[in-house]
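Following the working numbering from start to finish, the sequence shown increments by one per residue and tops out at 225.
What the hints contain is simulated information worked out from the structure, not anything from laboratory work.
One or more of the hints may lead you astray.
Said to hold, decoys possible - Label pairs and their calculated CB-CB ranges:
1. V171 - G103: 37 to 47 Å
2. N206 - T104: 34 to 44 Å
3. P148 - G207: 16 to 26 Å
4. T129 - N206: 39 to 49 Å
5. A168 - A188: 37 to 47 Å
6. A175 - G103: 26 to 36 Å
7. T104 - M162: 15 to 25 Å
8. T86 - T129: 35 to 45 Å
Using N, Cα and C, we set each Cβ at its ideal position, and we do this for glycine too.
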Amino acid sequence: MRNRPDSGGAGAFVNPSSAVTPPPPAVNNPTPNLNSPNSANPYAPNAGSPGFNDGSNNNLNGTPASTPISSGGELSGVGGVTSGTPIAVVQWQSQNQVAVGGTVAVGVLMQASQGVDSVPMTLGYDNTKLQVVGVTEGPFLRHGGSPTSFSSRITSNGQVMISDTSASSVGATASAVFATVTFRALAATAATDVQVVSVAPLGVNGVVISAVPPTPLVLQVTQP
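All chains, please: the whole structure from these sequences, using the hints.
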C-alpha cells in the first residue's frame, strides 16, 4: 500500500481561513472570459500562451488561466512555487448566475505537469445561499479507463469534501473535470462565493504535487 502524506503536506494548498468568507460587495461589471486575450483580466493568456484550457468554448472562471506548464513537466512563472516543481492547476467551469430555486453545476477542472493519481479537495460555500444537491466524479482521474475510488461528504458548516484515487500507473495530466458539484440556490444575493478550502494532489508513487488553486467563484443569485 502506498504511503500518502496528509493534507498538510508540502504540496498542499490550504486556504488561510477554513470558514467561508462573507460575500464581497456586488460588482456591476460582467465577469470577463478569462481565456480571452482581449480581456482586461490580468490572468487572461497572451496570444500563443500554453494556458490552462479545457479545449471548449466555456467561460472558465476564477483561475490564472495563463499558468504555463512546460512540455518537460515543470513549472514556469507561478509565484510562490519553485521552478521545476510539479504542479496541478485547478479551475472553475460554471455559469455566473442562477435564480432562486434553480440549480447550477460547478465543474472543478484540473491539469497537471506530472501524473496525478490522488486528489483530496474541500470546497467551501455559504449554505444559507446555496445547497449541495449532487456531487459527481469527472473524467480527470479516469483518463485511459483507469479504475477509480470516488467519494464525497457534505458537512453542516458549508463545506463539501471530495476524494478521488486512481489505480493508474502513469497518472492523469490532461485538462479535464475532476468533479462537478451541483448547487440549488436558496436565497437571492448579489454575490456569493464558492472557494477551494484545501487541495493536496499526489502523483504516482506518492510524489507531492503543488496545487495552484483558483480564486473564489462568484455567483449571483437572482429572484425567480
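The hints, checked one at a time:
1. V171 - G103: 37 to 47 Å: Since the Cβ atoms of V171 and G103 sit about 40 Å apart, the hinted range of 37 to 47 Å holds.
2. N206 - T104: 34 to 44 Å: holds (39 Å)
3. P148 - G207: 16 to 26 Å: holds (19 Å)
4. T129 - N206: 39 to 49 Å: About 43 Å separates the Cβ atoms of T129 and N206, which means 39 to 49 Å holds.
5. A168 - A188: 37 to 47 Å: holds (42 Å)
6. A175 - G103: 26 to 36 Å: Holds - the Cβ-Cβ distance for A175 and G103, about 32 Å, lies within 26 to 36 Å.
7. T104 - M162: 15 to 25 Å: Holds: the Cβ-Cβ distance is about 20 Å, inside 15 to 25 Å.
8. T86 - T129: 35 to 45 Å: The hint (35 to 45 Å, Cβ to Cβ) holds, given that T86 and T129 are roughly 38 Å apart.
The earlier numbered hints are all upheld by this structure, with none contradicted.
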